[in-house]
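Number of protein chains: 2
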Amino acid sequence: MPTISDRGNLMPESPIRKLVPYAEAAKKKGRKVFHLNIGQPDIETPQIALDAIKNINFKVIEYSHSAGIESYRKGLAEYYNKLNLGVSFEDILITTGGSEALLFAFNSCLNAGDEVIIPEPFYANYNGFATTAGVKVIPVTSSIETRFSLPPIAEFEKLITPKTKAILICNPSNPTGYLYSKEELETLKNIVIKHNLYLIADEVYREFCYDGKTHYSVFNLTGIEEHAIVIDSVSKRYSMCGARIGAFISKNKKLVAIAMKYAQARLSPPTFGQIAGEAALKTPQSYFDNVIAEYVERRNIVIEGLNAIEGVKCPNPGGAFYAVAELPIDNAEVFCQWLLEEFEYNNQTVMLAPAAGFYATKGLGTKEVRIAYVLNKEALKEALVCLKQALLVYEGSSIRKKEVQSKA
Amino acid sequence: MPTISDRGNLMPESPIRKLVPYAEAAKKKGRKVFHLNIGQPDIETPQIALDAIKNINFKVIEYSHSAGIESYRKGLAEYYNKLNLGVSFEDILITTGGSEALLFAFNSCLNAGDEVIIPEPFYANYNGFATTAGVKVIPVTSSIETRFSLPPIAEFEKLITPKTKAILICNPSNPTGYLYSKEELETLKNIVIKHNLYLIADEVYREFCYDGKTHYSVFNLTGIEEHAIVIDSVSKRYSMCGARIGAFISKNKKLVAIAMKYAQARLSPPTFGQIAGEAALKTPQSYFDNVIAEYVERRNIVIEGLNAIEGVKCPNPGGAFYAVAELPIDNAEVFCQWLLEEFEYNNQTVMLAPAAGFYATKGLGTKEVRIAYVLNKEALKEALVCLKQALLVYEGSSIRKKEVQSKA
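Protein chains in written order, with our numbering: chain V, 945 to 1352; chain H, 945 to 1352.
Since the hints were made in silico from the structure, they are not lab data. These figures come from a predicted structure and were not determined experimentally. C-beta: ideal position from N, C-alpha, C; glycine also. Be a bit skeptical, because a hint or two may be false.
Short derived list, chain H residues pointing at chain V, Cβ under 7 Å [to be verified]:
| # | residue |
| --- | --- |
| 1 | Arg961 |
| 2 | Pro1214 |
| 3 | Thr1215 |
Produce the complete structure using the sequences and hints provided.
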């Protein structure tokens, strides 16, 4: 057969999805699996978005404009402007999910071989997009000891080379849930101005900020209009991951014109998803209030529950619906697979995402897991009981109980 | 500001869409523009697909499986097998349009700097995908003189280098409408086996074959299972371009596993579009019979009409809904812009796609245009009258009439 491309071979497998076959096998054995591994919320999509789809009234499902449906772009600009982000509809390209927006950003800003600095742990698929675009990810390590806050400026500056073209952050962060402060954003602003870099901010979890904290966007920073790019998505905001609608947004007009060429090549973003996205702009505030209240309760259950387990450490995240926890185990990859392959407690088990896949530095995060608190409160409580039991019997656990061990 | 990437600057503008601002300006002047420039059919989407969307009954629009909804993949396999293509659902990855499928193919099969041979003129966005993937397009020229049939094997072999990894065809062809014969496919098979290449076939116009001809797929060829990749899409088959649903299909299991990593990185194809696509599989044969009959009539009007104009040459295409015509003009780019900016006949004008953008060899196709016969018959007739009038007054036309000239 003809050879596979080197880059195809290098393309990483999703650390979130690679345990899926083990989960499927567990379910075939009749076991209930609590999915804390993937950010697929159980929250209902706003009815107004679903109704818009059910009420479509056209005869031909046509291509939209390559930049997206204009009325949707205008509505989206209005939404951003309610958040004081100062966005014009011409700054917005509607994309096929945040994924495509990030590919547009990488391709438009960086050449193959150029470098993007990303605080780790980071959303694992950034590796996939970087590999696709031939871009080198340079991690700057944030630590569970400092709640995954922004590493000091000196750590960034150590990493900057002539190949560095951009810094990419996710705010609030997937996987850590960390919400960057205004001061941290200002720090990043200073770095990108000093070194003439792009600042790409994945802000898809913008709405999910807790404990009275508010989101500070890169578009709230002044003086870096030519540097800042926001990656957005309707997936989490309206719990409609399957719509595959995102946005590439920049006030740098030249950059938008370049990204538009990528948009034209693929013709248009999905029409149905755009219709749902446009309708969702009218989602009442009460929807978000309820969702946020729900996530705060879930987060509290998870964070308190985790920290109550001997040897488990988990900082309280300020946003998104993820947390990274350190477990008292030898190796999270082995543990997560074991949970699915061998463990059960009342015929239940838990699926977690090993955190090593969210680090670019080899050897980091090996005892950490990412937990997505996207299940209802009862399920989360049951899952925590299950996880605790697992830690009591898992061979590589430092809190393993001898008496349990002998029964296992 | 930070620099734009070289590849971003190199990214081609769509030759189909770059005249759009001129068309918009013409419309603002109150002029009717006949859009023969883009493959957006006016044919109605099958009602069964629209109904499936209107009848959705879920509370959360979730991610689907990265490979696509399993029942849809199975249904699609059945559809291919009715065409005797011997496809299993595991050979299929559902993609966001044929566009994404082609990117998966380029990324999985070719490294940056590798070469793909494509008969020209070819679908212009192949250039965009090649630029995105850093792949070099090596054109092998087919000619209007030989009705755009496959160039001789010797022409391909002249172009093969150690960097050549694939041949890409579009069958039936956008932009020429040429339908490759079984013999031409066998020729390609021999080349790809001899030189161990991939054979990527964009077969999205499969259903559109005329005059009793039938489509011969690369999957009908035996012995190149490891080489052949089919790019598919629902866009044209069911006139639902906006659904953005396509497929990457190969019987090469290793290759599918590699492409799957790209699919996982972007999480999933659009859920709504997949629902429409799955429902559309039940479209009755009568729908296609009517559509084909309609396109044959349209094609006949266009081809006869074009060839009846002095100095115009247009081979009769066997499939798709495009034709490439040579016009008696100095330069098609200039002419097409002039049509929109300056010309009108009864306050109407025509938008055509200059064919030079479909050639990779500089200087070819400068007198040719691509015509998409996606309008109803009356509109096509009016558009042809308009085009003829334009050729009689356009300064760079060799059939320009002196008396008209003096009035112009």
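Evaluation of the provided hints:
Given hint, arginine 961 of chain H at the interface with chain V, holds; its Cβ is 5 Å from that chain's nearest Cβ, closer than 7 Å. With its C-beta approaching chain V no nearer than about 4 Å, proline 1214 of chain H sits inside the 7 Å limit, and its interface hint holds. With a cut of 7 Å, the hint placing threonine 1215 of chain H at the interface with chain V holds, because the nearest CB-to-CB distance is about 3 Å.
Comparing the model with each earlier hint shows no violations; every hint is respected.
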